[in-house]
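Participant: With chain F held as given, fit chain P onto it using these hints.
Protein chains: 2
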Amino acid sequence: MSQKANSEKKIVGIIGLGLIGGSMAIDLKRRGFASRVLGVESDPVHASAAKEIGLVDEIVSYEDCISLSDIVVVAVPVGAAVKMLPDILDRFQAQGTQDKIVIDTCSTKAHIVRSVHYHPMRPAYVATHPMAGTEYSGPWAAMPGLFDGRACIFANSEESDPKALATIEGLYDTLNMRPAYMNADNHDVHTAYVSHISHVTSFALALTVLDKEKDEKHIFDLASGGFSSTVRLAKSSADMWVPILVQNRENVLHVIETYIEKMEAFRKAIEEFDEEGIRDLIEQANRIKKIIR
Amino acid sequence: MSQKANSEKKIVGIIGLGLIGGSMAIDLKRRGFASRVLGVESDPVHASAAKEIGLVDEIVSYEDCISLSDIVVVAVPVGAAVKMLPDILDRFQAQGTQDKIVIDTCSTKAHIVRSVHYHPMRPAYVATHPMAGTEYSGPWAAMPGLFDGRACIFANSEESDPKALATIEGLYDTLNMRPAYMNADNHDVHTAYVSHISHVTSFALALTVLDKEKDEKHIFDLASGGFSSTVRLAKSSADMWVPILVQNRENVLHVIETYIEKMEAFRKAIEEFDEEGIRDLIEQANRIKKIIR
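Chains as they are written, first to last, in our numbering: chain F, 1 to 293; chain P, 1 to 293.
Looking at chain F on its own, in the form it has when it is part of the complex (with noise of 0.2 Å):
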């Protein structure tokens, strides 16, 4: 890691000022990344809640964000950060500005890594993802430690300029985050089925039980601590997910079509109560334990 990238403290802009933008505000703040944090949030009633909390030291404009800061960080959804970033790039060329740096927090990286490949400020952006999170979202779902021991995917690093990429990983060094290095394709591979797909999973078996159980009464009675944490990522927000789904479109639908498939098979040995298939099934399933603590 370049020693002058950890030299000095940054200031920081924040576009986006929600679970992700929010969280690390806080702690690039307060573990001395960060000089000043500065917040741009388009949802005025979030705004003042960011201010009012604390995450941020100021409000300010979108066009105030990228001149004042060394570092931008674009942490809303996919759909709007893949038409904000080529304008950021562009704006560091008017600026004509050689140290800023603009990143980006989205769950999928094809389509945004793609979407600035011939800027001529490209090295100027490094693109990752932090994997992590919580089923809650806005400025008032920010914590401390989001990060903490969680990785944090670095997609097409080499396309970036390697002082802007140090710097970064001195950024999340400060979240306290695992790197990881990664092509954007594959990125968007793993993550549909690591990441994506349990999020389906989980908004159907919420439908699936709202649909049928007119009594809420009794899902609330039965609910056990399994149907909780099986059920909890169907909380999440739409303007989150609906982007995510479509933009990495062909990996979730891969994983869609293996996971019916799956569902099929436990049907089918159910209904000719092949207790030796279901026992293969799950025992198969069990391996996850090797995998997973």
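One thing to keep in mind: the hints can contain errors.
Any copy, or any two copies together, can satisfy a pair, since identical chains are not distinguished.
[To be verified] The calculated DSS-like cross-link candidates involving lysine-lysine, where the alpha carbons are at most 27 Å apart (straight line), are:
#, residue 1, residue 2
1, K51, K10
2, K83, K163
3, K100, K29
4, K212, K268
5, K10, K100
6, K10, K289
7, K235, K268
8, K235, K289
9, K212, K290
10, K289, K100
11, K51, K9
12, K10, K83
13, K212, K289
14, K163, K100
No wet-lab data here; the hints were simulated from the structure.
Facilitator: Same frame as chain F, now just chain P:
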């Protein structure tokens, strides 16, 4: 609750010293409901572990457990329990006892309740389902406080002797469980929705990921908290879940069918780039917030 029922400590015999039986043993003894806890465990390794950990005062034979205990708790997988329960009532009858009680803790209730419906000793049986658990099993998984604050279902409680019922209400009160009363058939419908389907979806999720993701290192790296909580139940044991899925076959199949329809709705909306459709599905699913904290 009958005063007499709670006026004296009971000898409790627990058949099956796994997560449920073992956790009951701990708290019934510690909290003073049981004067002595006897244990029956067919697996010799589990039996000696249960003794070493101190879950029970003594490991006894099945026969001794039934003759020595005031309350017999059948905490074995439901397939075995359905065979064991009539035998225990037979033995109560042969002993000419009037005061003994047997309960089960199984996750499906219709079959087991039906199996002793016409037994002359039926009133000595209280059918219960303490809705608590983790994805772990065996005596090592037993823990104090497992049941605290959870719901306990009493199925077809009108078929039990009122005094026996009051005693068992006292037992679950000691475990800090909220009682709920339900017809056994309704119980099985409800648990298919809020417990059994969660397990099937987790198993299918684990199978999907394990099937496609050859590079296990990447699953581990990318697995966020969301994936872990959604897939957690996939660690659950086949010994417990094969009989549950088979015994609750009709209800589980019905729920799986609805669930696959919901997954297909997602697939179709994503396939057709139908952002409004995806948003509708997610926002409907979000209503689960009102029910599950």
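Participant: 27 Å Cα cut-off: does K10 pair with K289 within a copy, between copies, both or neither?
Facilitator: Cα proximity of K10 and K289: none, with 42 Å in one copy and 39 Å across.
Participant: Taking 27 Å as the upper bound on the Cα-Cα distance, should K100 and K29 be classified as within, between, both, or neither?
Facilitator: within (19 Å within a copy, 65 Å between copies)
Participant: Within, between, both or neither: how does the pair K235, K268 come out at a Cα-Cα threshold of 27 Å?
Facilitator: Answer is between: at 21 Å across copies they meet the 27 Å cutoff, but 30 Å inside does not.
Participant: Could you place K51 and K10 in one of the four classes (within, between, both, neither) given a Cα distance threshold of 27 Å?
Facilitator: within (20 Å within a copy, 60 Å between copies)
Participant: Cα distance capped at 27 Å. Does K83 pair with K163 within a copy, between copies, both, or neither?
Facilitator: Close inside one copy (25 Å), not across copies (70 Å); limit 27 Å.
Participant: Regarding K163 and K100, is the shortest C-alpha distance of 27 Å or less found within a copy, between copies, in both, or in neither?
Facilitator: within (11 Å within a copy, 77 Å between copies)
Participant: Under a CA distance limit of 27 Å, which applies to K51 and K9: within one copy, between copies, both, or neither?
Facilitator: Cα proximity of K51 and K9: one copy only (21 Å, versus 59 Å across).
Participant: Should K235 paired with K289 be assigned to within, between, both, or neither, using CA atoms and 27 Å as the limit?
Facilitator: For K235 and K289, both the intra-copy (26 Å) and inter-copy (6 Å) Cα distances are at most 27 Å.
Participant: State whether the alpha carbon distance between K289 and K100 is at most 27 Å within one copy, between copies, both, or neither.
Facilitator: Neither. Shortest intra-copy (44 Å) and inter-copy (41 Å) distances fail the 27 Å Cα cut-off.
Participant: Are the CA atoms of K212 and K268 at most 27 Å apart within a copy, between copies, both, or neither?
Facilitator: Classified as both: same-chain Cα gap 22 Å, cross-chain 21 Å, threshold 27 Å.
Participant: At most 27 Å between C-alpha atoms: does K212 with K289 qualify within a copy, between copies, both, or neither?
Facilitator: between (32 Å within a copy, 16 Å between copies)
Participant: Under a CA distance limit of 27 Å, which applies to K10 and K83: within one copy, between copies, both, or neither?
Facilitator: within (25 Å within a copy, 70 Å between copies)
Checked against the numbered hints given earlier, this structure breaks hints 6, 10; the rest are met.
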